[in-house]
Amino acid sequence: MNMEFAFLLAGVLLILAGCFCLIRTYHLLKIIIGMELSMKAVTLLFVIAGRINGNMELSQAFIITIIVIEVVITLVASGVALDLYKKYGNLDVRNLRNLRG
Amino acid sequence: MNMLNLTVHAMLALPLVVLAANNLLAKQTARKIALYVCAAVAFFQIASSVTLFVMYTRYGITHYDFNIFDPGQVSADYFSVNRLDLFLMVCIGIVVFVSVMLALETIKDHKRSYVNLLMCLLLGMNGMVMATDLFSLYVFLEIVGITSFVMIAMFRSKVGLEGSFKYLVVSSLGIVLLLSGLALIFMQTGTLDFKAIGESLLDTQDSSRRALTYSAVVLMISGFAVKAGAVPFHSWLPDAHQSADTAVSVLLSGIVIKIAGIYGLIVVLDLFGSLEAVRIIYQVIGLVSTITGAVLAARQHHFKRIAAYSSVSQMGYIILALSSGTTLGVVGAAAHIFSHAIFKSTLFSNAAAIHEEVGVLDVTKLGGLEKKMPITAFSSVIAFLSTAGVPPFCGFWSKLLIVIALWKSGDTVWAGAALAASIFTAVYFLRLQRKVFFGKLADGMQDVREAKNSIGFIEAALTAVTVGAGLLFPFALQYLQTAGII
Amino acid sequence: MENIIIYVSLAALLVCGVLAVMLRSIIKDAICLAAASAALAIIMYTLGAPWAALFEVSVCAGLITVIFISGISLSHDTKAEVRREYDDKRRMGVLPVVLVVAGIVMIGAGAAIHFEMPVAQRLVQDFREVFWNSRQADIWGQIIVMLTGGTAISVLIKEEKKKS
Chain A
12 MNMEFAFLLA GVLLILAGCF CLIRTYHLLK IIIGMELSMK AVTLLFVIAG RINGNMELSQ
72 AFIITIIVIE VVITLVASGV ALDLYKKYGN LDVRNLRNLR G
Chain B
72 MNMLNLTVHA MLALPLVVLA ANNLLAKQTA RKIALYVCAA VAFFQIASSV TLFVMYTRYG
132 ITHYDFNIFD PGQVSADYFS VNRLDLFLMV CIGIVVFVSV MLALETIKDH KRSYVNLLMC
192 LLLGMNGMVM ATDLFSLYVF LEIVGITSFV MIAMFRSKVG LEGSFKYLVV SSLGIVLLLS
252 GLALIFMQTG TLDFKAIGES LLDTQDSSRR ALTYSAVVLM ISGFAVKAGA VPFHSWLPDA
312 HQSADTAVSV LLSGIVIKIA GIYGLIVVLD LFGSLEAVRI IYQVIGLVST ITGAVLAARQ
372 HHFKRIAAYS SVSQMGYIIL ALSSGTTLGV VGAAAHIFSH AIFKSTLFSN AAAIHEEVGV
432 LDVTKLGGLE KKMPITAFSS VIAFLSTAGV PPFCGFWSKL LIVIALWKSG DTVWAGAALA
492 ASIFTAVYFL RLQRKVFFGK LADGMQDVRE AKNSIGFIEA ALTAVTVGAG LLFPFALQYL
552 QTAGII
Chain C
1408 MENIIIYVSL AALLVCGVLA VMLRSIIKDA ICLAAASAAL AIIMYTLGAP WAALFEVSVC
1468 AGLITVIFIS GISLSHDTKA EVRREYDDKR RMGVLPVVLV VAGIVMIGAG AAIHFEMPVA
1528 QRLVQDFREV FWNSRQADIW GQIIVMLTGG TAISVLIKEE KKKS
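Residue numbers (my numbering), protein chains in the order written: chain A, 12 to 112; chain B, 72 to 557; chain C, 1408 to 1571.
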């Protein structure tokens, strides 16, 4: 059980935690926090991948791109969540029941 | 030849020019001409892609590599165009053109926003098709994803925002799965270039590497399956497609799920196709999606929701085609991408026409519209016949190609299952047609008129393409054979 | 010494991550997320990725936390303030159990297949050269992502036209 396996384990556990948060919560902004947590876990996986294959600079290029995309996704998701707040008055996911079938 | 190659560069840069012009010109001017400029860009894409395809076949060129910043040389992480990419770009151009035609009638207030987002989407899809590196593929996939989220939420209605948020959440899960798969592959090879991920990754006997490779492949397939709307990740598709405006639904159902999802699956098949597990996963996902989509579509009441479940079913069909693992399978899948784009566009044009004239899209409230909207009804019937695989329309040929590809690669059971599954598609479409267009004229429909200008025009044009492509298909097959593809 | 820093930061990252999911107040969640970003940045710097650590701490721990807190303050939810309605503590309470079980399963699987990934020799190259020369399609994609983000925000924030 060396350091790389510990990192891999931590990455998988964090992805599980993020997905768990995303699925079980009732608060719109907390869903976004779950998304962020999962993407941080993916960043951790890229860091350990860079260390294992020796090409740390390429890994850093990937991580920087992922962080830029993460910011834009957070912005768009918060924008949609705030528009939903303006329509419904609260940030409850249980409001989103209009589309059925 | 070099002049023509410049058009490929243009397809990655021209939408940006339109985007800048749309925002820098005066508001009134921009609102008047923006949609026509978009239609011109789409037409330019169709024309140049067809020309390049013919030229490449004539001169025997298989692909063209280029770098976006240093046009002379080709270094790492370049863009590459081969003939499959050109064909997909033709499909992209066609669906974007249809969407712009629909937007001329259905989008009144948000024209500039729509054009901005459409140009970004076009750039994302073009870049995705031309990428040669798994990570660049991911970056352009994100561009496509972000623009689709915002396009669904563009009108800020309650259902629009809800559909957009649900799509956002499920898509995020898919992206995390895809990126984990990419990280696991990167761990072993040190690069994510298509050419460098070679056989060395698959031949190894080391058990840790095999475990990592298999997990990576499963994760990547799951990620792309979320984007394609395949079962069991299809829950976002009906909500997103139903709640968006019709011009946006055409884009989503007609081309985005294919480029974002199916093209990714084609890439995975290309890289890892020699693994037996990949083909088995595709077969299972394909068949389950086809049957589930068809069964669920038969129970819906909303026109666009039926169309969305139909998309799930047809995506399953295309994945089943890919599972054969041969070139004929990929050609069949590409042909079905084209046929499905055409008939889904026709279906959504009909939905736009009905929504504009009648105002409701609930199937239980409509009826007997054939008397009032003959062009719409006619195009709908032709689209239905194409979907069901009736000769001589193009749907028949693409389904035939798929069944032959499955038969030739030895999966006769799956070929039979594919054939049986296509009967299901006929069932729900027949129900839709009978309820909406034929039968007794429903209440309150007395003074409904025919579809307006551009919607009627595009319906007629799409019907002509369906019939024409069906009649010309044998010649196209012959052409492909002489070109050495099949 | 280096290993101790790495393991402590990894533990902090895990703890902050789980806390971010389980806490009831949304502001505390955002702050835990910022702390998790900081821990991740320390890990990255110690492992030899200074550029990524810089981006992580300035963008994720800074910009995203600001976005969250401004989102939270714009949507000041007067009625269900203390999140009792959202009932998060009960719904998320099972998370540590799930994580421990998953961890045990993974350790078992890793031991069963004798998981061993040898660390390769570190290549010596300049990050700036790698980033600007050999990731050109990525850079084009990033430019377009940022333009798309700007377009998206301008569409989502646009004022509704007053019906006259």
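Among the hints, erroneous ones may be present.
[As the list claims (entries may be wrong)] Pulled a few chain A residues facing chain B out of the computed Cβ check, cut under 7 Å:
(1) 13
(2) 14
(3) 16
(4) 17
(5) 20
(6) 46
(7) 53
(8) 63
(9) 73
(10) 80
(11) 86
(12) 88
(13) 94
(14) 101
(15) 105
(16) 109
The hints are simulated quantities; they were obtained by calculation from the structure and are not laboratory data. All C-beta atoms, glycine included, are put in the ideal place defined by N, C-alpha and C.
Results for each hint:
1. 13: With a closest approach of 12 Å, the residue 13 of chain A hint is violated.
2. 14: Cβ of residue 14 of chain A sits 14 Å from chain B, so the hint is violated.
3. 16: violated, 10 Å
4. 17: violated, 15 Å
5. 20: Hint violated; residue 20 of chain A Cβ to chain B Cβ min 13 Å, cut 7 Å.
6. 46: This interface hint holds because 5 Å falls under the 7 Å limit.
7. 53: holds, 4 Å
8. 63: Holds: closest Cβ of chain B sits about 5 Å from residue 63 of chain A, inside 7 Å.
9. 73: Interface hint status for residue 73 of chain A: holds (6 Å vs cutoff 7 Å).
10. 80: Holds: closest Cβ of chain B sits about 5 Å from residue 80 of chain A, inside 7 Å.
11. 86: violated, 9 Å
12. 88: Cβ of residue 88 of chain A sits 6 Å from chain B, so the hint holds.
13. 94: holds, 5 Å
14. 101: violated, 14 Å
15. 105: violated, 12 Å
16. 109: At about 5 Å, which falls below the 7 Å cut-off, the nearest Cβ of chain B leaves the hint on residue 109 of chain A intact, so it holds.
Of the numbered hints stated above, those contradicted by the structure are hints 1, 2, 3, 4, 5, 11, 14, 15, listed in ascending order.
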